[in-house]
Amino acid sequence: AFSRCSSRQTVRQDGCSDFFVPNVFSPNGDGKNDFFQIYLRDDNVKILSCRLFNRWGNMIYISENNNLFRWNGRYKDKSLEAGVYVYSIEYQTIGDETIKIAKGDLTLIR
Numbered sequence: 075a076f077s078r079c080s081s082r083q084t085v086r087q088d089g090c091s092d093f094f095v096p097n098v099f100s101p102n103g104d105g106k107n108d109f110f111q112i113y114l115r116d117d118n119v120k121i122l123s124c125r126l127f128n129r130w131g132n133m134i135y136i137s138e139n140n141n142l143f144r145w146n147g148r149y150k151d152k153s154l155e156a157g158v159y160v161y162s163i164e165y166q167t168i169g170d171e172t173i174k175i176a177k178g179d180l181t182l183i184r
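Start counting the sequence shown at 75; every next residue gets the next number (the numbering used here).
Since the hints were made in silico from the structure, they are not lab data.
We treat Cβ as the ideally placed atom computed from N, Cα and C, and that holds for glycine.
Take every hint as true, because none was put in to throw you off.
Think about it this way: if two alpha-carbon atoms lie no more than 30 Å apart in a straight line, the pair counts; the simulated BS3-like pairs of lysine-lysine are:
| no. | residue 1 | residue 2 |
| --- | --- | --- |
| 1 | K177 | K120 |
| 2 | K120 | K106 |
| 3 | K174 | K150 |
| 4 | K106 | K150 |
| 5 | K120 | K150 |
| 6 | K106 | K152 |
| 7 | K106 | K177 |
| 8 | K120 | K174 |
| 9 | K152 | K177 |
| 10 | K150 | K177 |
Okay, the calculated beta carbon distance ranges per label pair:
| no. | residue 1 | residue 2 | range |
| --- | --- | --- | --- |
| 11 | T167 | R144 | 20 to 30 Å |
| 12 | E164 | N132 | 12 to 22 Å |
| 13 | G169 | D108 | 32 to 42 Å |
| 14 | G105 | I173 | 26 to 36 Å |
| 15 | Y149 | D170 | 26 to 36 Å |
Can you make the complete structure from the sequences, with help from the hints?
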């Protein structure tokens with residue numbers, strides 16, 4: 075029999091050893107930290123989704139099933155203001171059906 079059951083587990087980003095999430099980026103075109111992205115520490119990690127929210131809780135970015143996404147600090151073709159944004163990353167490790175969630179904040183600097 076095939077089971078479609080899954081479980082969710084929330085983990086803090088600080089304790090996540092599967093990937094590194096920078097907490098600051100500066101999309102100013104200088105070639106340094108111009109994108110917000112996840113740096114995998116292990117090839118056995120699959121990013122299911124990454125959602126970014128502004129300080130009012132509105133979702134401003136979503137990437138699904140993409141380990142190589144990069145966000146440029148724009149929403150609806152407009153550069154967003156410098157400030158603090160929140161991320162929620164759902165992921166799995168290969169061989170483990172548990173869906174884990176890492177949450178944290180990042181600062182956009184202009």
